[in-house]
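Asker: Listed below are the residues making up each chain.
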Amino acid sequence: MSDSVVFHRRDFLKLVGVGVAGTAAGCASPPAEKLIPYLVAPEDLLPGVPYFYASTCRECPAGCGLVVRTREGRAIKLEGNAKHPLGEGGLCARGQAGLQGLYDPDRVKTPLVKDGTGWKSITWDEAMALVAGKLGAAKGRTLLLTGLETGTLRSLAGEFAKTSAGRHVMWEPFGYECVRAANRATFGVDAVPRYDVGAARCVIAFGADFLETFASPVSQARGYAALRAKRDDGAGHFVTVEPRLSTTGANADEWVAPRPGSEFALALGLAHVIANEGLGSAAAERNALKGSLAAWTPEVVAQQTEVPAETITRLAKLFTQHGPSLAIAGGIGTQGTHGTALVAAVNVLNHVAGNTGRTVRFDRALDVSGLATFAQFANELAGMAAGNVDVLVVHGANPLYAAPAWAGAADAFAKVPFKVALVTSRDETSEACDLILPVSHALESFGDAWSARGVYSLQQPAMKKLPMFDSRPLGDLLIAFTKAAGGGAALPDSYHDLLRDRWKAMHTRFGKGRDFDTFWTESLAAGGVFEDVSEPAVRWGGTPSFAASERAGDGEFALVLTPSSNFYDGRGANKPWLQELPDMTSKTVWGSWAEIHPETAAKLGVKQGEPLKIETAAGSVEVPAYIYAGIRKDTVAIALGQGHTTFGRYATNRGVNAVSLLPQATDAASGALAYQGANAKLSRGAKAMELFQQQAEKDQHGRHIAQIVPLSALLAGSAGHGSEAPAHGAEGAPHGAAGAAKSHAGEAVGHYPAGEGVHVEPHPAMTRPGQHTEPKQRPEGWKPPAHAITAFEPEMKGRSAKNDPVVEGSYAHAKHRWAMSVDLNSCTGCAACVVACNAENNIPVVGPDLMRRGREMNWIRIDRFEERVAPGANDVRFVPMMCQHCGSAPCEMVCPVYATYHNPEGLNAQVYNRCVGTRYCSNNCPYKVRAFNWFDFSAPEKTTFAFPEPLNWQLNPDVTVRSKGVMEKCTMCIQRILEGKGHAKDEERAVRDGEIQTACAQSCPAQAITFGDLADPESAVHLKSFGERKYWVFQELNTKPGVTYLQKVTRDTMSEAQA
Amino acid sequence: MMDMLMKLLMPPPPKFYGVMGMFHYVDDAADAVTALRQAGHKDLQVFSPVPHHEIEKALEQGPSIVRWVTFTGGLLGATGGTALCWYSIVSWPMVIGGKELVSIPPFTILGYESMILLAGLSNLLGMLALARLPQIKASAPYDPRFQEDMIGIWVPCAPDMAPKVEQMLKGQRSLEVHVHA
Amino acid sequence: MSQNPTVAAHEDPEKRPITQASLNDDVMKLISLPGKIWWAAFLLDLLVLAVALGAVRNLIVHGWGVSGFMRPVMWAVDITNFVFWVGIAHCGTLVSAVLFLFRSHFRRAVYRIAEAMTVFGVLTAAMFPAIHTGRPWFDYWLFPYPNQRQLWTNVRSPLEWDVFAVNTYLTVSSIFFLVGLIPDVAAVRDRAKHPLMKFLYTLLSFGWTGANYQWKHFYGAYLFFAALATPLVFSVHSVVSWDFAMAQTPGWHSTLFAPYFVAGAIFSGVAMVINLLIPIRKAFKLEHIVTIDHMEKLAKLVLLTSCMVGYSYLTEFFMAWFGPNAAERDVFWFRATGHYWWAFWTMFSCNVIFPLLLWLKPFRRNMTAMFILCIFVNIGMWFERFVIIVTSLTRSFNPANWFYYKMSFTEVCLIVGSFAWFFMFFLVFVRVLPAFSIAEIKETLPMPKRKGGHA
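Chains as they are written, first to last, in the working numbering: chain A, 1 to 1059; chain B, 1060 to 1240; chain C, 1241 to 1695.
The shape of chain A in the complex, shown without the other chains:
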């Protein structure tokens, strides 16, 4: 009754059986010995031991490196591949949620053939026969429509197209058309460059959400952390230029809100100032450029962009002040009728500032060549509508959802006699097809992705194909199709063999002195082959001419469509983790919303969450309003990615599809679909609707939860004294324990971490000594009692045999003090950690209804606090909030049954079996990080069951699935700690620092979270926890947390530039 588990014993044994068979008998077609575990030798499989397989993430074109963690032959978690140049060990929320694409309960089970309006399931033989017939008949009139494919699959597709004398069209809704077009124009290169954010000393983003969806967000997040770590001479500024403050922009020091569509003018204005005043390091063509920029004086630009001229000059100075800088443009946020103009203008700016080749690099350029532009794609559709296509094969593209209605995808499809969809889960497009063939998920099949220059990633099945879905690898199908079309005589039957053949070429290039099998094995193990590529010579191709911008359609509001950092272009919407992952701007889950400025809302008489009607030439939608100061008064923003009509139980009929608002407009220069630049009419909606918010209050009411320190103060402060603990000693702030003034960090047992010495917003506890909001002053020579295990009372001090009251508790022999530090200066609020935690700890997804009723189960959440959101200086703070593992934990004291207690290694342990569910602990937790099982999320027979088959296959066997009525919370991934300690024990050595990583710390693209052993004075977490900028949330409560936060460093872009 108490703990109903998801697996009954028999099922579990079956699964283990399947799993063992899976890894022993191999994944999919290839036999077992071809499977290459990442870390562990493949000879034997030990139940209970995780195996890791390197692979490639296919959730977006970036193609980061993956490591799949499997247990008993089941993939249970995706993590970044530290050896991979794309991602470098980090993995975004979307990437990690790919697992739920594999375990999607709505995946197609068998081949389906259209039967009237419904679908009839048929056998593979029937299906293949059907296709063969059609392909044979349709000579020369076939079309293969896919998303971005690279490497072997692209060539195979080409081969298929060739033999069937048809065409292979690759189309991505977020297709980088503008960037490519602009780079062609200015650099003569058709590529998306690598933006070396880390190398830059000042970054201006022109609407590019480079921390969310644009280019390679994970690598760029890592770069962002490096950028913000810069401090020596006050560098590391980040300014965002966009009409609506995006999640990326929320991290900026300054927000410039130009008139939508006029961003390019601002870029040109900056370039103008730089060129004329000869700021920064000169580029060769500066004089040539100067001429072409003459027209764009700050005054002209100011008049166009509504950004004051002095701001423009100031930014220009700031941009060139600190050596290499970087301006980024592109992404959906600015892909409008002037998208190409903007990117070109920004290229000019970068070039004038001499960034080309330094921070704008084409060495690891993202390979998106071969992608059809939207215009080309529209032509294809027109061709189909004209009846030029007999057989259409679709994979990885969902035009019926992602393309606006006026592109005519629907009737184009209607005109094609026979359409085959190769999908894992049915979507809008597959519904319009005649035959649906279930393809294996990327994690179930072999493949490769050459996503960037010199990056040849391999993709290998991490597990046997899920038995409940009778799927086949995409490659095998394409080969079969090619053969059916009467070609491909040379092709082997299995795509795996083809892949090996194609990689023979790689072997000759890179496999020096190794036979092919070794090379192949090593490549698989490493996740691919990565060659060092040199910066190609990029010459300036001349400045295109720019015309002043104007807007299309009537209506006084500019419509801004924002890419969804959770769903990308909408392909992630069927993943419950992502649906329940709050959007980091509005903190909204499970639906759509539209952002409008408070004044606009007041004018319209719309309150928070009330229906808002958005009308454009193309159509109208009604969504709940989210009132947001981070948007221009004349602008309304709505996110893409929701509003699916057919996309599994989690995405269908949720929110609205913003694409339906797009009037017929493209960016002439690039043929990109103009997501921006439309005008809209706003009015109060009629439908009653609800805004599901995971965090309603975004003002921290001076509670000092998210703290900042200005760089200037930091420089001054750290100049005054070493970055050691006693920093605040001088401030006369109280110390918890004696000897805080001693220099040894381990001695700095102050119940305040240091750093307040440079604290700009002094804490009440600092400023009002003697007030009872602070822990009481300890007499000199006071020793913390042995039982007071706190992060800042290290082992040797906290426990000695004689003053240890715990006689049998073995606390006396505790070797470790697990702790964590969170650097708010690096955190970008990307929420990768949240999904990582969900995956690692079997956290149930409760759904929109229960989210509305405050039944969130997440163990870690990102609190967003808006201190100042308005054009100009910007101050938005993200705080990853999880159990703080307090030394004197309020929750422990009030539990009547010891269900939560302090374990010898400093963890605040929660004993599910013992929990009665009084919920007192949560009431007494100042951080409110405890989640209560309101329902039976783990009981298959209940309607609230959160893991419908096969989602339950993803559950981590190391972690209990909690039952109804018990409290749960962050455990600091105690299962990983035990695993790490186990390894160390086996190898008869001490645990190495960094060897054990919590799921959140591992996944963090910006490496903001550090986990480790505080008792080890050399450990990274120790150094951070005792270093400067450290503070504890609610330290005046004297909870002595085990989680230390590092203040966010803010930079004053307003005045520093004048210096």
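Do not take every clue at face value.
[Claimed, not checked] 30 Å max Cα-Cα, derived DSSO-like pairs, lysine-lysine:
| no. | chain 1 | residue 1 | chain 2 | residue 2 |
| --- | --- | --- | --- | --- |
| 1 | B | 1116 | C | 1689 |
| 2 | B | 1074 | B | 1223 |
| 3 | B | 1223 | C | 1691 |
| 4 | C | 1689 | B | 1229 |
| 5 | C | 1646 | A | 607 |
| 6 | A | 681 | A | 633 |
| 7 | B | 1074 | C | 1433 |
| 8 | B | 1196 | C | 1433 |
| 9 | A | 120 | A | 109 |
| 10 | C | 1646 | B | 1223 |
| 11 | C | 1689 | B | 1101 |
No lab work stands behind these hints, which were simulated from the structure alone.
Once you have looked at the hints, place chains B and C on chain A.
Answerer: Showing chains B and C alone in chain A's frame:
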């Protein structure tokens, strides 16, 4: 049927030897008691709807000793409760909220509540024992009017003494006198 | 005895002198086969109770998710009801024990009702901690019982203190109640006609005869019950208040809570006694036993405690303003002006403003007015607990977790059901047991004496 049930549930009282005098007036009863005791009748039983100080005086009753039982119980409770706390913590020492293992304030609270609990229980038991409750078999002939407004004085004596006692009670203006011989 | 001031009080308007025998008649009028009205009330009560039990069943089968509770408001109506009913209970002990020690004779007329209310009140209150847990079937883990794994309870947890305090209170107050009943039940026994009834009453009366030695030890013990119950009643509600005061949640974390809660408990309890007495004395024509003076004395008690409660409210706000704790200040500002302002002002007007009427003597002696006022007082006191619990939790330290609690049908069932549960006991009680203490009221009567006594 009713009578059978009555017999079954309410067995008839045993045979008594003595004289029962019924009084209405308190002072009469008190005088009677005094007189009887002077005449050497020691083990009198006085039944009344409410306790009367006069009669108590006449009987020269000391204060009840139930208080000592209660006190002992309280003492046991206080020590027992605190001991339980102490034992329960040291028998499985776990650090809770960074507090001392043996933390006095909560101990006192539980000790205090236990004290009252045991004191209350022992008080009850002491009273029942001393007042010979529950009384299964009557100690004297009983009259329902004792619960209304009558005072009864029961003088146990041998049958041959009965007439003398009867005279004495009549002399004390007893309203009714019943002789059980 | 004849100089007893309350003698006059015991004469009804028609100047019919109460004799010892007539008192028995009057009190035992209640113990008779109930009429239609009683049955109607009783059945209605059971009906309501059945619905409420259905809701409780859902809570246990599906989990507390069926309620409106949510993070951060993990407690709301459940604990509100608990504190409310414990509070109601306390007044009973106060009247019967404390006033006994103070020898204030007016208690004799009313204490039996009050004590019954105590026992039934605690029975009601005790249900809520039991059902409010996530896994009620493991509630026994809260009791320190020996087991081979030596899994004990955490004696530092205020909830554990509750376990001890409430159980002690239930035990002691029940004993107190039953012992006090002994002589009266004996009187009832002697009047009982049906042998079965006679037998049962005999059991309940422990075969009491009223012999001198029984009286002696009876009063010896009774005094000590009073002496024990008096500190108990204060300690229990202090412990209950510490459920909140020991937590550091702003709005809870206050040293004021113990006296504040005790005053509030007595306040609501006395109001409840009045609400019970007024209909009973009217229905059974007992105005000459529970006289208007008695009622007025109770009214004064209400007035006194109302002032104490009001003072506590003001102190809380003053301390919030005066103290350095920003979170605390915020909570109290939120209480008065925020999302739950209506709850706060209901509480404040019902508990502090309306009771000011009690300064007027005519009001105190007007039973209809008193009845209505006391109902308001109880509404106010229920909201006091609601306000303390919900507003504080809604507005705790981390603003990122500020959400508003909305009551669901389940909670409504819990509230209504608790009253049904209480009155189920009470309705039976007034019909089978002497609702007024015959023995003690008798003591206040002039004792018949030949020399200068009443003839």
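Asker: For each hint, tell me whether it holds in the structure or not.
Answerer: Hint by hint, here is what the structure shows:
1. B:1116 - C:1689: Holds. Residue 1116 (chain B) to residue 1689 (chain C) sits at ~16 Å (cutoff 30 Å).
2. B:1074 - B:1223: Given pair residue 1074 (chain B), residue 1223 (chain B) holds - Cα atoms ~20 Å apart, limit 30 Å.
3. B:1223 - C:1691: holds, 26 Å
4. C:1689 - B:1229: holds, 17 Å
5. C:1646 - A:607: holds, 20 Å
6. A:681 - A:633: The hint holds at about 13 Å.
7. B:1074 - C:1433: holds, 24 Å
8. B:1196 - C:1433: holds, 21 Å
9. A:120 - A:109: holds, 12 Å
10. C:1646 - B:1223: violated, 83 Å
11. C:1689 - B:1101: Holds, at about 25 Å.
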